[in-house]
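**Q** The chain contents come next:
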Amino acid sequence: MKRKLFFIFFTCIFLVSCDIPYDSGETFKKSHVSPLRVGLVKSSDTSQITFEKQLMNQFIQQKKLKVQYKEGTESRLMHLLESDSLDVVMGRFTKKTIWKKKAGLTAPYDKKHVWLIKKGENRLLFEIENYFHTIKP
Amino acid sequence: MRKYKEFELPPDLVPTMKKVRKLEIITIAYLLSVVVVMYLVMGSSQAMKTAWLEDALSLLPAIAFLIASRFYEKSANSKFPYGYHRVFSIAFLAGSVALFGMGMYLAVDSSISLIKMEHPTIGSIYIFGHQIWMGWLMIAALIYSGAPAVWLGYKKMPLAKKLHNKILFTDAATQKADYMTSFAAVIGVVGLGFGLWWADSAAALFISFSVIKDGFNNLKNSVSDLMDRYPMDLKSKKPNDILTDVNQIVENWDWVQDYHMRFREEGQVFIGEILIIPTEETGIIEHIIKGRQEILASHWKIHEVTITVGTYWENEEFQ
Numbered sequence: 000m001k002r003k004l005f006f007i008f009f010t011c012i013f014l015v016s017c018d019i020p021y022d023s024g025e026t027f028k029k030s031h032v033s034p035l036r037v038g039l040v041k042s043s044d045t046s047q048i049t050f051e052k053q054l055m056n057q058f059i060q061q062k063k064l065k066v067q068y069k070e071g072t073e074s075r076l077m078h079l080l081e082s083d084s085l086d087v088v089m090g091r092f093t094k095k096t097i098w099k100k101k102a103g104l105t106a107p108y109d110k111k112h113v114w115l116i117k118k119g120e121n122r123l124l125f126e127i128e129n130y131f132h133t134i135k136p
Numbered sequence: 000m001r002k003y004k005e006f007e008l009p010p011d012l013v014p015t016m017k018k019v020r021k022l023e024i025i026t027i028a029y030l031l032s033v034v035v036v037m038y039l040v041m042g043s044s045q046a047m048k049t050a051w052l053e054d055a056l057s058l059l060p061a062i063a064f065l066i067a068s069r070f071y072e073k074s075a076n077s078k079f080p081y082g083y084h085r086v087f088s089i090a091f092l093a094g095s096v097a098l099f100g101m102g103m104y105l106a107v108d109s110s111i112s113l114i115k116m117e118h119p120t121i122g123s124i125y126i127f128g129h130q131i132w133m134g135w136l137m138i139a140a141l142i143y144s145g146a147p148a149v150w151l152g153y154k155k156m157p158l159a160k161k162l163h164n165k166i167l168f169t170d171a172a173t174q175k176a177d178y179m180t181s182f183a184a185v186i187g188v189v190g191l192g193f194g195l196w197w198a199d200s201a202a203a204l205f206i207s208f209s210v211i212k213d214g215f216n217n218l219k220n221s222v223s224d225l226m227d228r229y230p231m232d233l234k235s236k237k238p239n240d241i242l243t244d245v246n247q248i249v250e251n252w253d254w255v256q257d258y259h260m261r262f263r264e265e266g267q268v269f270i271g272e273i274l275i276i277p278t279e280e281t282g283i284i285e286h287i288i289k290g291r292q293e294i295l296a297s298h299w300k301i302h303e304v305t306i307t308v309g310t311y312w313e314n315e316e317f318q
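As given, the protein sequences belong to chains A and B, one line each in that order. Positions 0 to 136 (numbering that gives the first Met the number 0) are the ones given, in order, by the first sequence. Positions 0 to 318 (numbering that gives the first Met the number 0) are the ones given, in order, by the second sequence.
Hint data in this document are derived by calculation from the structure and do not stem from the laboratory. Please note: incorrect hints may appear among the correct ones.
Footprint (simulated), chain A over chain B, 3 or more residues, beta carbon under 8 Å [unchecked claim]: (1) 81 to 94; (2) 263 to 275.
Where chain B lies over chain A, by a calculated footprint (3+ residues, C-beta under 8 Å) [stated by the list, open to error]: (3) 71 to 82; (4) 104 to 112.
Each computed DSS-like pair below joins lysine-lysine, with the alpha-carbon atoms no more than 27 Å apart [unchecked claim]: (5) A:95 / B:175; (6) B:115 / A:28; (7) A:3 / A:69; (8) A:111 / A:135; (9) B:175 / A:3.
Values in this document were obtained by computation on a predicted structure and should not be read as measured data. We treat Cβ as the ideally placed atom computed from N, Cα and C, and that holds for glycine.
Please work from the sequences and hints to get the whole structure.
**A** Okay, structure coming up:
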């Protein structure tokens, strides 16, 4: 009986495995209709902002999503990310960022820098990491 | 004063003990590999963290058994006149305290993450050009941590019963039930995959309750043993059959008018006393010598028995 249950459980998982992981807040799915809310940390280094924005635009294009940017200070944007008013924050963050307990971290896009995403949005993270892999040199 | 006799397992059980030691070494090597694999894929999943700590803790009974099995046979000496049998009880107590304490910590930790509504974020990894969600690797690691453990548990259980060894029995019983922990953690990770953030912490909480339950039962048993509780059967929790047989032997002695018997468990052997009210006053010493030999020969677990003669008045005091 137990064996049968295990078998049924794992078969079900296998059948739906293609769509796993899902977002806990359906951010990626919703971004096809309403824009993905992206925070950009204000910086004196405008070239970096432009570079990360370019990356995001390419990602949006590749996945056929919509996007909406918001500029602000790091702490302000992180507050918005935590309160579910933003989906992604970009700003030359590294894996060791002080915000790592408050946000999900993507894999680095250039071996060092990462984006911060709303916690629990595992599909969005999966798709971003998929995109980062395609642009790897 | 006569020293306690040297303890040796009966010849037919020596290969069993060797087999058990071998199985415990395999268990330790396997569990160490599980701990490493689980740590590598753990990520921010609470259920994985809990299952990982549980696996790390399940090393304790195996280590305790191997350490204790090196000491228990040492013969009694003037410093330790009762021998080293209780080394098993001490090892058992130490393991139980660790298990219970960690269970409590995990329950609090998982509850906090549930109350704080922590949404675990799990990324992906590229293996041979294929993107794989880390949750799948976690599930693979959990299956690796569950299936062989159950097999080891099933292998050890009959040997534990044969040796009447409590640490080994607990170790085998915990490992046999280990699939439940792994399966709960798998459900937690799959739940996360479906976007159910709470599934992870809920699974972790479930696992921590199972750790607390194991820890509490072991703690209760080990403390009872150290308190010299009357030896109980490992599984049925009824007074041990071996001592029921000893009772029967004494009942059959025609030179005994009345008696009181008490035994305690020291590691894997029983040690006790019998106070006898004889029917006759002659030949008592011969009766005692013969009777003691008969009891000691009845089962290898009866390691030492002291037979004393008393009056009715003393017997009442004794009871």
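**Q** Where does the structure disagree with the numbered hints, that is, which hint numbers, in rising order?
**A** 1, 2, 3, 5, 7
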